Amino acid sequence: MVVGTHSLSSRHLLGIRNLSELDIQFLLDKADKAVEVSRRPDKKTSALRGRTQINLFFEASTRTQASFELAGKRLGADVMNMSVASSSVKKGETLIDTAMTLNAMRPDILVIRHGSSGAAELLAQKVECAVVNAGDGQHEHPTQALLDALTIRRHKGSLQNLTVAICGDVLHSRVARSNIFLLGKMGARVRLVGPSTLMPSGIEEFGVEVFNRMEDGLRDADVVMMLRLQRERMAGGFVPSVREYFRFFGLDADKLALAKDDAIVMHPGPMNRGVEIASLMADAPQSVIEEQVEMGVAVRMAVLELLAGPSHNEAGGV
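Per my numbering, residue 10 is the first one in the sequence shown, and the count goes up by one each step.
What the hints contain is simulated information worked out from the structure, not anything from laboratory work.
Keep in mind that the hints are not guaranteed to be accurate.
Quick list of the computed label-pair ranges, beta carbon to beta carbon [what the hints assert, rightly or not]:
(1) N112 to E224: 44 to 54 Å
(2) R228 to D87: 45 to 55 Å
(3) R48 to D87: 18 to 28 Å
Okay, derived cross-link-like pairs now, SDA-like style, lysine to any residue, Cα gap no bigger than 20 Å in a straight line [said to hold, decoys possible]:
(4) K264 to R228
(5) K264 to S296
(6) K264 to E303
(7) K135 to T103
(8) K194 to H15
(9) K82 to S55
(10) K82 to E303
(11) K165 to T103
(12) K42 to K53
(13) K269 to E303
(14) K264 to T172
(15) K269 to T103
(16) K264 to R222
(17) K82 to G59
(18) K264 to L289
(19) K264 to R252
(20) K194 to R222
(21) K269 to V302
(22) K53 to T103
(23) K42 to E303
(24) K165 to V251
(25) K269 to I298
(26) K165 to K269
(27) K42 to K165
(28) K194 to G59
(29) K194 to D231
(30) K82 to E45
(31) K194 to V251
(32) K264 to V251
(33) K194 to V217
(34) K269 to R252
(35) K264 to P294
(36) K42 to H15
(37) K53 to K82
(38) K264 to M280
(39) K194 to H164
(40) K135 to T110
Values in this document were obtained by computation on a predicted structure and should not be read as measured data.
Ideal placement from N, C-alpha and C gives every residue a C-beta, glycine not left out.
Could you build all of it, start to finish, from the sequences and the hints given here?
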């Protein structure tokens, strides 16, 4: 899986914000090649043979953890999944103590998901290996934004000058934040659509347009990206009721008809059918939700190989 050579400015992937346009372009090109590997009968490569990858998930995430595990195994790495439910964290061990214990086992790459913003960056300061942020609090989810970008690029040819409507619970979404950074860097026009109670204050400073009516935000959009309503992060009444939320902000055929005829529908999953998206829309021909899952494995293969592969070691660090 060779696509020229390139080095990120950091040896970790903690977010999109610090990546350059060239970094993103290189990762997407590399992931495109990984799609070819994943679609052939023999999916195994030796790119990370002899390397150790530890997946450290403090939040449950079947989809993301499985995607990272599969990506590592397709590259030939030794992959270990750490379940917090059965780890020493449950016995009172801190994140730093856990990190130092794992560091002593000399892994080559740590993949971490944590409920607190900044946890991945803190871990990166304490360990000697590369760290990949698989989602931290309401901060960032860089590989999700990269897989979304790869999916869009494969359908639209480019990200430049596209209008992308990101709809729903923007306030609690690290996916939205990483996508805002990435799409903006790559020349797309980003609209955020949702109720004012689920819109972060001052978000316009990130160069986005904000709409509080789906009818306005979806008009002539090239991409409609729905977000999960994260009720587990809501302590108060952010929305009157699920029924009301779906009526005004759920994606149905009438609302999608306002977007361009060739608009694609995306969702990072897991989906709440009948809450943020109607079942018919989730399964419609315009839906690329399953393709996003496939692109996820390819993007994670590209990231893991770039941060822990032979070129990394030969160069003395990327």
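Status of the hints after comparison with the structure:
1. Between N112 and E224 the CB atoms are about 52 Å apart, so this pair conforms to the stated range of 44 to 54 Å.
2. A beta carbon spacing of about 50 Å between R228 and D87 agrees with the range 45 to 55 Å that was offered as a hint.
3. One distance hint, 18 to 28 Å for the beta-carbon pair R48 and D87, holds here, with the actual separation near 24 Å.
4. As the CA atoms of K264 and R228 are separated by approximately 9 Å, the hinted pair is consistent with the 20 Å bound.
5. Taking the CA atoms of K264 and S296, the gap is near 14 Å; set against the 20 Å cutoff, the hint holds.
6. In summary, the hint linking K264 to E303 is not supported, as the alpha carbons are separated by about 27 Å, beyond the 20 Å threshold.
7. For the hint linking K135 to T103, the alpha-carbon distance of about 13 Å falls within 20 Å, and the restraint holds.
8. Annotation: proposed proximity of K194 to H15 holds, straight-line Cα distance about 18 Å (limit 20 Å).
9. Our distance criterion of 20 Å between C-alpha atoms is met by K82 and S55, whose separation comes to about 9 Å.
10. A hinted pair counts as satisfied when its Cα atoms are at most 20 Å apart, and K82 with E303 qualifies at roughly 15 Å.
11. About 45 Å separates the Cα atoms of K165 and T103, which puts this hinted pair outside 20 Å; it is violated.
12. A threshold of 20 Å between alpha carbons decides the hint, and for K42 with K53 the separation of about 14 Å falls inside it, so the pair holds.
13. For a cut-off of 20 Å, the pair hint linking K269 to E303 is broken: about 25 Å separates their Cα positions.
14. A distance of roughly 16 Å separates the Cα atoms of K264 and T172; the hinted pair therefore holds under the 20 Å criterion.
15. Under the criterion of a C-alpha separation no larger than 20 Å, the hint pairing K269 with T103 is inconsistent with the structure, at around 50 Å.
16. Pair hint K264 plus R222 holds up; C-alpha atoms about 10 Å apart against a cutoff of 20 Å.
17. Of the supplied pair hints, the one linking K82 and G59 holds, its CA atoms being roughly 11 Å apart against a limit of 20 Å.
18. For the proposed pair K264 and L289, the alpha carbon gap of about 13 Å is at most 20 Å, so the pair holds.
19. For the hint linking K264 to R252, the alpha-carbon distance of about 16 Å falls within 20 Å, and the restraint holds.
20. Distance restraint check for K194 and R222: the Cα-Cα separation of roughly 26 Å exceeds the 20 Å cut-off, and the hinted pair is therefore not satisfied.
21. For the hint linking K269 to V302, the alpha-carbon distance of about 24 Å lies beyond 20 Å, and the restraint is violated.
22. Taken as a hint, the K53 and T103 pair is broken in the structure, with Cα atoms around 36 Å apart against an allowance of 20 Å.
23. For the hint pairing K42 with E303, the CA-to-CA distance comes to about 13 Å; that is within 20 Å, so the pair holds.
24. A C-alpha spacing of about 33 Å is found between K165 and V251, which places the hinted pair above 20 Å, so the restraint is violated.
25. A C-alpha spacing of about 18 Å is found between K269 and I298, which places the hinted pair at or below 20 Å, so the restraint holds.
26. Note on K165 and K269: the hinted pairing holds, with a Cα-Cα distance of about 13 Å set against a maximum of 20 Å.
27. In summary, the hint linking K42 to K165 is supported, as the alpha carbons are separated by about 18 Å, within the 20 Å threshold.
28. Using a Cα cut-off of 20 Å, the hinted pair K194 and G59 is violated, with the two alpha carbons roughly 35 Å apart.
29. Distance hint between K194 and D231 is fulfilled; the C-alpha atoms sit about 17 Å from each other, no more than 20 Å.
30. For the hint linking K82 to E45, the alpha-carbon distance of about 16 Å falls within 20 Å, and the restraint holds.
31. Simply put, K194 and V251 have alpha-carbon atoms about 34 Å apart, too far for the 20 Å limit, and the pair is violated.
32. Restraint check: the Cα-Cα separation between K264 and V251 comes to about 17 Å, which is no more than 20 Å; the hinted pair holds.
33. Distance check on the hinted pair: K194 and V217 sit about 12 Å apart at the alpha-carbon level, within 20 Å; holds.
34. Of the supplied pair hints, the one linking K269 and R252 is violated, its CA atoms being roughly 27 Å apart against a limit of 20 Å.
35. As the CA atoms of K264 and P294 are separated by approximately 16 Å, the hinted pair is consistent with the 20 Å bound.
36. Distance hint between K42 and H15 is fulfilled; the C-alpha atoms sit about 15 Å from each other, no more than 20 Å.
37. Among the hinted pairs, K53 with K82 is consistent with the structure: their alpha-carbon atoms are about 7 Å apart, no more than 20 Å.
38. Annotation: proposed proximity of K264 to M280 holds, straight-line Cα distance about 18 Å (limit 20 Å).
39. The hinted pair formed by K194 and H164 meets the criterion: a straight-line CA distance of about 19 Å does not exceed 20 Å.
40. Proposed proximity of K135 and T110 is supported: the alpha carbons are some 11 Å apart, at most 20 Å.
When held up to the earlier numbered hints, the structure conflicts with 6, 11, 13, 15, 20, 21, 22, 24, 28, 31, 34 and fits the remainder.
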